[in-house]
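**Q** Next come the chains, spelled out residue by residue.
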Amino acid sequence: VIPPVAERFLAAHTRAFLFTLRADGAPACHPMVAFYRDGALFMTTYRKSAKAQNIARDARVACVVLTADDAPTVSGVAVRGRAEVVSADGFSASASAGPRVAAGRDVASKVQARLAEGKRVVLRIVPEEVRLIGEHR
Amino acid sequence: VKRRPDIRMTPAEVDAFLAARRRAVIGTVDAAGAPDGEPVDFAWADGIATVAVVRDGPAHRNIQCDTRIVCSLEEFPSYGDIRGVTLHGRAVAVADASARVRFRIDAERVESFDFRKMRQA
Chain B
303 VIPPVAERFL AAHTRAFLFT LRADGAPACH PMVAFYRDGA LFMTTYRKSA
353 KAQNIARDAR VACVVLTADD APTVSGVAVR GRAEVVSADG FSASASAGPR
403 VAAGRDVASK VQARLAEGKR VVLRIVPEEV RLIGEHR
Chain X
110 VKRRPDIRMT PAEVDAFLAA RRRAVIGTVD AAGAPDGEPV DFAWADGIAT
160 VAVVRDGPAH RNIQCDTRIV CSLEEFPSYG DIRGVTLHGR AVAVADASAR
210 VRFRIDAERV ESFDFRKMRQ A
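Heads up: the protein sequence lines correspond to chains B and X, in order.
With my numbering applied, the first sequence covers 303 to 439.
With my numbering applied, the second sequence covers 110 to 230.
These aren't lab readings, by the way, just hints derived from the structure by calculation.
Be a bit skeptical, because a hint or two may be false.
[Stated by the list, open to error] Facing chain B, a subset of chain X residues (Cβ under 8 angstroms, in silico): (1) Asp-115; (2) Ala-143; (3) Gly-146; (4) Phe-185; (5) Arg-192; (6) Gly-193; (7) Met-227.
On a predicted model such as this, the values are computed, not experimentally measured, just so you know.
Note that the Cβ used here is the ideal one computed from N, Cα and C, for glycine as well.
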């Protein structure tokens, strides 16, 4: 069960860092845009990307969602779980717009087109462990 | 075949970027080999990166089991101006006398990107 304070934070923030495992078991980090919906985190990536390949090999991931990098103090939520590729049906990058996507609506349109072509995929992370970072009200 | 533009930073650009950063996000692996991550205080001086983690916190515990670490720093003023540097390497304890433990990152690989260079390509 995700604490309500964590759910509120995840619903309001999209700046995320996804952690996957490389083939040798070392950690890899990928700055992402993450959207929280229906108790899970969603993000998109290219099907052939390193992160997608890492997840195909080992689905264990962590994702840290944070306040903006110029915020006076850092707060966030760390989520750990497993990532899976899910259908892009109904996924709308522009409709899920947060501060990052709002900075580039044309980017959201391109993402949507690549999803339709199958070049990009949607990743879903269902939290198995949730940790609050910093101050939360 | 369409070639992607080279948007990597030069070594001097990486140095200047890291020198201006005070926060980073690090990734470590736990005792079971699963990844974890958290934000940390970051410092860069004389070509040496250090991060401070909470004593006995997840990152501290993980590094004690496995010193492999990834450290990501980014700047996101707008989509077209995103810049970032990622350090891949090993964490080495350098200060262990307070509530925070400071680790040096001995980087084996440095990745960087500067989206502004796409406009110049």
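**Q** Which of the numbered hints above does this structure break?
**A** 1, 5 and 7
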